[in-house]
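**Student:** Here's the letter readout for the chains.
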Amino acid sequence: MKIIKYEEIVKHVSKMCQEANFDLGQDVVNAFQSALKKEKSETGKDILEQLIANADIATSERVPMCQDTGVSVFIIELGQDCHITGGKLYDAINEGVKKGYEEGYLRHSIVDHPITREKSKGYNTPSIIHVELVEGDELVIHMSAKGGGSENMSTLKMLKPSDGVEGVKNFILDTVRVAGPNACPPLVVGVGVGGNFERSAYLAKKSLFRPIGHRNERTEISELEMELMEKINQLGIGPQGMGGSTTALDVKIEIEPCHIAALPVAVNLNCHASRHKEIRL
Amino acid sequence: MAAIQLSCPISDEEIKTLKAGDRVLLSGTIYTARDAAHKRMSEALQNSGKLPVQIAGQIIYYVGPTPAKPGQVIGSAGPTTSGRMDKYTPALLELGLKGMIGKGYRSDEVVESIKKNKAVYFGAIGGSGALIARTIKSSEIIAYQDLGPEAIYKLEVKEFPAIVIIDSKGNDWYEIGKQQYQS
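Residue numbers (the numbering used here), protein chains in the order written: chain A, 904 to 1184; chain B, -15 to 167.
Just chain B, same shape as in the assembly:
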């Protein structure tokens, strides 16, 4: 099955057509955030109701890259385990976040929120950070610079490979995939 080309941010119409198990190639703008940035965003929401990034309609990639070598756009940049962000995710989906890229299971609360807000969760291949880095064409710090690899970066990507894990109807590719090969 050929991969589906998607431009980011992804339109609501396109999100609705994506199905768990679809292979996609993402091109356009995405933002990074992992544990520490999520904690800060959650605190910022509680304190001021404002985020340093307009996340409505956007995609967040759970990644903490290695430092870039001289001449590199970014160091190795594969996905980290998404479950650690579960606690903070429904609030972001309520604010209009449309997509997340990571690896691993999501909580029931996150799956429900994905369905309710018609969003999508993509899986990238854990441990393929050198390969993924080649699809990242530019990288710019947007917020929380002091967090180093955990700061929020704006990335421009071209044909970033991912797989739809949880679609906007709540279908879960980890469950579907596993059932096909159990013996």
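Chain A with its partners taken away, still in its complex shape:
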């Protein structure tokens, strides 16, 4: 059995929060570069160039690439033979976020009460934490700094099984079309199909943690990802919704078994600042 100390988790989470906001992943930077070569709109090219320059400034000056430093979302793979000492896992994560956001001069973007809008007193906490119990003795922490603009344009619909794959495609395309400039394209489009109501949303979120260019292992789903990518890029929305051929940098789809009467589909949009970090303890 492996033993992991509370303080160790705090330290790593704090570091991840800052790195996620300062250092855009190489997969995203590469996607900007390849989109720049293909983009047809002059405004679109200009925007992509500014986004590349922005990522460079953020890395070199250790400042957040976007002022919306997001809600910290975690997917944690906890090995069943891993033991955490010195405190609760959830507390360690939140303490790490608080430390990371405070020390990194990141924005405090949480309200405690969704209706009264009363501000949270914990610095950018509570985080959203999903724990998956897995085999082995490792603790793998996946972190995302998820922006509000793209989250606000995300959707979920319980389709009828008779709507079929065409219904699924149309729902995804409609979501991207309605989101337009608001979700800060070029987007990473995360889709969850199946499971149930809440599970489809979780799958959509989880799909966004896969690096850009990583395809679903199932051939029919990987083909659907590529087909949707092409169709989304024909919508004309373009970088920042100002017209162009780069509306999505990638489309990710995850599926799960579901009820015979159901076809749940969730679409979780991620802005181009797709900030994901991972640590394996």
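A hint or two may mislead.
[To be verified] Derived lysine-lysine pairs resembling DSS-like cross-links, with alpha carbons at most 25 Å apart: (1) 1134/A <-> 940/A; (2) 1022/A <-> 138/B; (3) 948/A <-> 3/B; (4) 1024/A <-> 53/B; (5) 1109/A <-> 1063/A; (6) 3/B <-> 943/A; (7) 0/B <-> 153/B.
[What the hints assert, rightly or not] Residues from chain B that keep clear of chain A, each with C-beta distances beyond 10 Å, as calculated: (8) -7; (9) 8; (10) 30; (11) 75.
It is worth saying that the hints were derived from the structure and are not from the lab. We treat Cβ as the ideally placed atom computed from N, Cα and C, and that holds for glycine.
Knowing the structure of chain A, use the given hints to seat chain B on it.
**Tutor:** Showing chain B alone in chain A's frame:
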């Protein structure tokens, strides 16, 4: 197409010449306000008819920056989604607000009010907050200090990059731009 240099506040004459899709570089004074400041301004108008800032002729930037690091003028400071301010915007345009900087769609009511009051809506690049921060030369809190990043700040900017999204005639660059690249 070269970007148009504009000094802020922008004259009514200049606003009339701006067209949807024009790239501009803004220099001069602008004010910040986002959700919470708009709500307070709306309440202040209802209660006293007065605002803490003279907005006639001015430009509001929808932004909630990150905290400034020691030695920085401001933290990262890109635009937030403008649509959340739509409910409050026509009243401000009626009071003489001339420009807004943000990102994303505006409601039909806002577009009508932009036309009626001969104003302009600029789009800044969402997610380029580190780059935009370099164009902000000074920052001073003017009102609602307790709101933190949502307080109203007066900013002095130099060559702040933006694009005309809705011009004073109501042309919408999001629509025009999209139609050109649909296939």
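**Student:** Confirm or reject each hint.
**Tutor:** Evaluation of the provided hints:
no., hint, verdict
1, 1134/A <-> 940/A, "19 Å, holds"
2, 1022/A <-> 138/B, "24 Å, holds"
3, 948/A <-> 3/B, "20 Å, holds"
4, 1024/A <-> 53/B, "21 Å, holds"
5, 1109/A <-> 1063/A, "23 Å, holds"
6, 3/B <-> 943/A, "21 Å, holds"
7, 0/B <-> 153/B, "8 Å, holds"
8, -7, "24 Å, holds"
9, 8, "12 Å, holds"
10, 30, "18 Å, holds"
11, 75, "21 Å, holds"
Consistency with the previously given hints is maintained throughout, with no hint failing.
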